[in-house]
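Numbered according to this note's numbering, the sequence shown spans residues 154 to 219.
Hints may contain errors.
What the hints assert, rightly or not - Listed next, with one range per pair, are the computed distances between beta-carbon atoms:
(1) Arg164 to Gln198: 17 to 27 angstroms
(2) Pro209 to Arg157: 27 to 37 angstroms
(3) Ala212 to Arg157: 29 to 39 angstroms
(4) Thr171 to Leu201: 28 to 38 angstroms
(5) Arg159 to Ala184: 17 to 27 angstroms
(6) Glu160 to Ala199: 13 to 23 angstroms
(7) Glu205 to Gln180: 13 to 23 angstroms
(8) Ala163 to Phe210: 13 to 23 angstroms
Think of the hints as simulated: they come from the structure by calculation, not from any bench.
A virtual CB, placed ideally from N, CA and C, is assigned to each residue, including glycine.
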Amino acid sequence: MPRREREQVARDLKPIYTAVDADAAQQALEAFDQKWDERFPVITQAWLNAWEYVIPFLASPQKYVA
154 MPRREREQVA RDLKPIYTAV DADAAQQALE AFDQKWDERF PVITQAWLNA WEYVIPFLAS
214 PQKYVA
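The whole structure should be built from the sequences, with the hints applied where relevant.
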């Protein structure tokens, strides 16, 4: 992945892992998927495969989230 795209992908992933709750994260993942799935489908699939581990993290109080 070229550096320019890597930076854009990283920027577009951030709303997923900084979401305030699971619903917001799901919406951010869907937006990411719409933009990048054709080019990098494995990224969305990786998030979906790990989703059961992501959801409890998002349910944690914000004071514990960096």
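Consistency of the hints with the structure:
| no. | hint | in the structure |
| --- | --- | --- |
| 1 | Arg164 to Gln198: 17 to 27 angstroms | 20 angstroms, holds |
| 2 | Pro209 to Arg157: 27 to 37 angstroms | 34 angstroms, holds |
| 3 | Ala212 to Arg157: 29 to 39 angstroms | 35 angstroms, holds |
| 4 | Thr171 to Leu201: 28 to 38 angstroms | 18 angstroms, violated |
| 5 | Arg159 to Ala184: 17 to 27 angstroms | 18 angstroms, holds |
| 6 | Glu160 to Ala199: 13 to 23 angstroms | 19 angstroms, holds |
| 7 | Glu205 to Gln180: 13 to 23 angstroms | 18 angstroms, holds |
| 8 | Ala163 to Phe210: 13 to 23 angstroms | 18 angstroms, holds |
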